[in-house]
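In order, the protein sequences belong to chains A and B. Here the first sequence is numbered in this note's numbering, starting from 1 and rising by one per residue. Here the second sequence is numbered in this note's numbering, starting from 258 and rising by one per residue.
Just so you know, the hints here were simulated from the structure itself, not pulled from any lab data. Please note: incorrect hints may appear among the correct ones.
Claimed, not checked - To give a feel for the contact side, a few chain B residues facing chain A, derived at Cβ under 10 Å:
no. : residue
1   : Val-298
2   : His-305
3   : Ile-363
4   : Asp-367
Think of the CB as a built atom: it goes at the ideal place given N, C-alpha and C, for glycine as much as any other residue.
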Amino acid sequence: MEKLSLHQIQHQLMDFLIKDDQTIEQEIMTQGNVDNKTRLNIYKNAYFSRLRDVIDTDHEVLGLYLGDKLFEQMVAGYIKINPSNNTSLRQYADKLPDYLQQFPPFSEHPILSELAHFERMLLTAFDAQEADRFNRQSLQEIPHENWPTMSFRLHPSVQICQFQWSTVESWQALKAKKNPEQAVKSPKQWLLWRNSERLTEFRSLEFVEQHLIDMLLHGNDFSSLCDYLLEINTDEDASNVALSYILKWVDQGILRQ
Amino acid sequence: MKKNDHYLGFGLGLRTEHFQQVLETRPPLDWFEVISENFMVAGGKPKHYLHEIRQHYPMVMHGVSLSIGSTDPLNYDYLRQLKTLINELQPEWISDHLCFTGAHGINSHDLLPVPYNEEALQHIVDRISQVQDFLGQQILIENPTSYITFKESDMSEWVFIDEMAKRADCHILLDINNIYVSARNHGFDPQDYLTGISPKYVRQFHLAGHTDYGDYVIDTHDQPIVDPVWDLYRDAVSRFGLVSTMIERDDNIPVLDDLLSELDIARKISDSVISNSITSET
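The task is simple: from the sequences and hints, build the whole structure.
Encoded structure:
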């Protein structure tokens, strides 16, 4: 029998792991009391359990929401159609929100995809790039004449998302080991970030604050924020209101230097 | 007894469960090994702890994704990230495994075996040379555990790995537990393995636990080290001399004090072999 090349052996072993193609078994020497299927299945079990553990670790609360049976069904379905194509396992479950949105029975419960999305955002905030933050002292050092053209930037860990369902409320309940309320429609914007203590935080956003943060993301300066506030509210001094938002963001560690 | 020029002493794998205690108590160990991929992220708490701990301990970096045996092209995105982390951490050395982790762009995230033959040997030697050129330093390659032997293999793992180190001008990270596990799974004598490796290539030892299923053994890194592995470690110190030694524990992670006690066993075995050797030399 002609010997296989290194390339052929590797492809056969990967096809066994990913597609359950048994061809590689013919290339294995029989040794001792352990048959070749058992030997090969050590690799297959390791492949599956490693990917399963990543999903389990990354999506602890989603797992609680689903319960063991549905969680294992989700894991098996996801792994089957999503072989890893990244050197890091950190990205392995990135497509889980899409999977839950597309495939029944999970797609019949849209809160599941949102829960997975929320947990992925927490992970992104957790290991986002470091950056020096604005503090009150550095704000005071901004020359008065520079304020109108001052553009504030968000810390790299900051993320904004909109959920249609009571997703974050359910996540909080499960995290506190309580039963979540039944999922209800509850559209809200959420802000997530990693604070200066390197702990991940999140809170909901009212429309005005969300709009102001959007303006920061688009590079608008302080005077533009004031102009917007002036448009929507004539009762208060727009620059004071804008400054109070800036101070709130500085205190929460949302603005980078 | 010859002392390895790069001897670091006795270390542990740095695990997140122990970050706080390591920083607060500065436990009495000589160095840490870190899993490179765990810190190939932009920032965050683990990386912050890593840099804090680095200020107090020498470190080496141990990778699991180099895939040196793969017939896929070398992943230069990965190598660039690795180089960035090397520049940040300034480790004493870096290591990875004699294996392939994937093919046609799909990653198994496992350390899969290669056949031990001339084609694989030359392929791996060429890739180690490319990696060493890119990183600007020699690397260590670790002997794997394996559960299958390919019919295409026509040499032993120890002949393969020794020849690999010679041709590629790299070093060997000798995992004592892996030798034991593979010896049980394939029925070879672990002493043949030790005597087949040239001492000049060995720069580091790994010690670890495994799970014994009777007919076969799986390298799980979730149990204490067993006596036959300690015995093999004693033989390894006799053959290779003082080599930087560490314990890998990746699952079922105990309190740090338990691992420090286990590390003391390694230290005592090594001390006893070295002092016996000095006595017999005088």
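List in ascending order the numbers of the hints, as given earlier, that are violated by the structure.
-> Violated hints: none; all satisfied.
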